[in-house]
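Novice: Model the full assembly from the supplied sequences, consistent with the hints where possible.
Chains B and U, in that order, are what the protein sequence lines are.
Per our numbering, the first sequence runs over residues 1 to 301.
Per our numbering, the second sequence runs over residues 1 to 240.
What the hints contain is simulated information worked out from the structure, not anything from laboratory work.
Don't take each hint at face value.
As the list claims (entries may be wrong) - Pair ranges (Cβ atoms, derived):
{"#": "1", "chain 1": "U", "residue 1": "Ala114", "chain 2": "B", "residue 2": "Gly282", "range": "39 to 49 Å"}
{"#": "2", "chain 1": "B", "residue 1": "Gly289", "chain 2": "U", "residue 2": "Ala21", "range": "39 to 49 Å"}
{"#": "3", "chain 1": "U", "residue 1": "Arg112", "chain 2": "B", "residue 2": "Trp220", "range": "11 to 21 Å"}
{"#": "4", "chain 1": "U", "residue 1": "Arg186", "chain 2": "B", "residue 2": "Gly210", "range": "40 to 50 Å"}
What the hints assert, rightly or not - Where chain B lies over chain U, by a calculated footprint (3+ residues, C-beta under 8 Å):
{"#": "5", "segment": "66-77"}
{"#": "6", "segment": "84-92"}
{"#": "7", "segment": "137-146"}
Stated by the list, open to error - Computed, partial: chain U to chain B, Cβ under 10 Å:
{"#": "8", "residue": "Leu50"}
{"#": "9", "residue": "Arg80"}
{"#": "10", "residue": "Tyr103"}
{"#": "11", "residue": "Ala104"}
{"#": "12", "residue": "Glu132"}
{"#": "13", "residue": "Lys133"}
{"#": "14", "residue": "Val154"}
{"#": "15", "residue": "Asn155"}
Glycine is no exception: its CB is placed at the ideal position from the N, C-alpha and C atoms.
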Amino acid sequence: MQARFLASEVGSGLRRNVSMAVSVVLVTMVAMFLLGLGLLAQRQADTMKGYWYDRIQVSIYLCNANALAPNCEGKAATDAQRTALQDQLEALPEVKQVFYESEQQAFQRFKEQFRNSPIAGNVQEGDLPPSLRVQLDDPTKFRNVTTQFEDAPGVATVQDQEKVLSKFFTIINWVTVFAVFLAALMAACAALLMATTIRQAAFIRRREIGIMRLVGASNWTIRAPFISEMVIVSAVGVLLAVGLLIGLTQYVFTEGASQIALSQAFIGVSDVWLLAPWMLGGVVLIAVGTSVVTLRRYLRV
Amino acid sequence: MIRFENVTKVYPRSTRPALDAVDVDIDRGEFVFVVGPSGSGKSTMLRLALREEAATEGVVLVAGHDLRKLSTRQVPRLRREMGAVFQDFRLLPNKTVHENVAYALQVIGKPRHAIRQLVPETLEMVGLAGKEKRFPHQLSGGEQQRVAIARAVVNRPQILLCDEPTGNLDQAISLDIVRLLDRINRTGTTIVMATHDHDIVNALRKRVLQLADGHVVRDEREGNYHPTGELPVVTTDGEA
Chain B
1 MQARFLASEV
11 GSGLRRNVSM
21 AVSVVLVTMV
31 AMFLLGLGLL
41 AQRQADTMKG
51 YWYDRIQVSI
61 YLCNANALAP
71 NCEGKAATDA
81 QRTALQDQLE
91 ALPEVKQVFY
101 ESEQQAFQRF
111 KEQFRNSPIA
121 GNVQEGDLPP
131 SLRVQLDDPT
141 KFRNVTTQFE
151 DAPGVATVQD
161 QEKVLSKFFT
171 IINWVTVFAV
181 FLAALMAACA
191 ALLMATTIRQ
201 AAFIRRREIG
211 IMRLVGASNW
221 TIRAPFISEM
231 VIVSAVGVLL
241 AVGLLIGLTQ
251 YVFTEGASQI
261 ALSQAFIGVS
271 DVWLLAPWML
281 GGVVLIAVGT
291 SVVTLRRYLR
301 V
Chain U
1 MIRFENVTKV
11 YPRSTRPALD
21 AVDVDIDRGE
31 FVFVVGPSGS
41 GKSTMLRLAL
51 REEAATEGVV
61 LVAGHDLRKL
71 STRQVPRLRR
81 EMGAVFQDFR
91 LLPNKTVHEN
101 VAYALQVIGK
111 PRHAIRQLVP
121 ETLEMVGLAG
131 KEKRFPHQLS
141 GGEQQRVAIA
151 RAVVNRPQIL
161 LCDEPTGNLD
171 QAISLDIVRL
181 LDRINRTGTT
191 IVMATHDHDI
201 VNALRKRVLQ
211 LADGHVVRDE
221 REGNYHPTGE
231 LPVVTTDGEA
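Specialist: This is the structure in structure tokens:
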């Protein structure tokens, strides 16, 4: 079949069935948007894990004058206590690096991190305790460190960032599961809608199909316009979904979130581009498969 | 060219066979009328030859193909060697005369230069030169059937099957259509035409196959609609 003839058949087919074509575009778009959302959430979790595991620290907060922890007994940690802790930490094989953050440094860092936030004004020097920041060789072995130092003299609390993050990752996992579940439902809807659309299109063109069969057109010639229509329509749906996802990452993550925290910790538009070919490929497969299965009845000789 | 060997066709959910142990041999270049009352098996014969239906028993040979051995994928190739014309024309209403005929070539992948040559030639041959741009609804019944014939023969098939092609046309027009088929036959195309039309059969004096209840009851060279020597009995619905 000549390409020009195929193109004119596809064009007239789409014109005759505009409303169904539009509905397939929209359903495909929503399905792929949700799927993209789920996959991006997972990617976000991975990105964050990578980012934080590079930096994960066990923070050993030392007692200061305002410390309320029972271990402190109301007194600030002495320099001797601090040096002793530091020596003990450096002796541990899991520990890569230890550095000391004074009250003043802690206050400076806090001001820097929350420079756009109104809470920065409520914190004064001395509110934040000095701490020993411990960098681990293997971030998963944090527990070895925390248990050993929790009750050491001069230690107020030991905080491990993994605990905070794991809660966050659980939430992201649920978001992913939910979004992918919805996406699967929508993909099923899209496939069923495609089948209905093809059935309707085949009915509209039953005379043409009858004549094609009569004059000896091959089955692929008869299928080609239907399959092309479905592929075009669903590809448009995917492109719209990709557009929405790019808009989302651009405005919510890249521009919105990076004002609050560090931009390396967030996914960006490039992650959407990585997903796009897979979504397009998957949808094209669904479109072709649905077309071939649905058209079987019309091609029986 | 077309051979039925002991062919029986029983449709699903039917107790009586539509064709019952039929033996027919049609040579290349023949013009054959298939006559008989409704339900006698005329259309079934044509449908079997087109491989729209498969025989329940027996062998159908068409243009050298044993249709039992023909796979689904090979059926299109068989149909490219035959043309078919029906009582209801089966034209595409949204395409012009030219487009309707060209369609049959486009869907089998003929190149455009071949289409540009074959379509006007064929339209000229069936007497529709000058009406290429009309739509089917702008044509008379006889002209519409000429378009259908042009579409059926534009690919130069060896066989042309006609299922009551004049069933919707009046006498004079019907005779014109059959004269056109006769002309096509003279170029070497084998023609099998199922019909009810006495006058046409009697006017052309071609081979006549008469069917009754799925059996061939008469096979006569240069036959009449009615068996020679028998008086025609005209019934109220015009069939004998």
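Novice: For each hint, tell me whether it holds in the structure or not.
Specialist: Checked hints:
1. Look at Ala114/U against Gly282/B: about 40 Å separates their beta carbons, and that is inside 39 to 49 Å.
2. Hint check: Gly289/B to Ala21/U, Cβ distance near 45 Å, so the stated range 39 to 49 Å holds.
3. Between Arg112/U and Trp220/B the beta carbons are some 20 Å apart, a value that agrees with the proposed interval 11 to 21 Å.
4. At about 30 Å, the beta-carbon gap between Arg186/U and Gly210/B misses the expected band of 40 to 50 Å.
5. Counting residues of the segment 66-77 of chain U whose C-beta lies closer than 8 Å to any C-beta of chain B gives 5; at least three are required, and the coverage claim holds.
6. Chain B is given as covering the segment 84-92 of chain U, and this holds because 3 residues of the stretch bring a CB closer than 8 Å to a CB of that chain, at least three being needed.
7. Counting residues of the segment 137-146 of chain U whose beta carbon lies closer than 8 Å to any beta carbon of chain B gives 0, which falls short of the minimum of three for the stated coverage.
8. Among the interface hints, the one on Leu50/U holds; its C-beta lies about 8 Å from the nearest C-beta in chain B, closer than the 10 Å criterion.
9. With 10 Å as the threshold, the beta carbon of Arg80/U comes within range of chain B, its nearest partner Cβ sitting at about 4 Å, so the hint holds.
10. Because the smallest distance between the Cβ of Tyr103/U and any Cβ of chain B comes to about 7 Å, under 10 Å, the interface hint for this residue holds.
11. A hinted interface residue such as Ala104/U counts as satisfied when its beta carbon comes closer than 10 Å to some beta carbon of chain B; here the least separation is about 4 Å, so the hint holds.
12. At a threshold of 10 Å, the smallest CB-CB gap from Glu132/U to chain B is about 18 Å, leaving the interface hint violated.
13. Restraint check, Lys133/U versus chain B: the minimum CB separation of about 17 Å is more than 10 Å; hint violated.
14. For Val154/U, the suggested interface contact is upheld, since its CB lies about 9 Å from the closest CB of chain B, less than 10 Å.
15. Of the supplied interface hints, the one on Asn155/U holds, with its beta-carbon coming within about 7 Å of a beta-carbon of chain B, less than 10 Å.
Consistency note: the structure conflicts with the earlier hints numbered 4, 7, 12 and 13.
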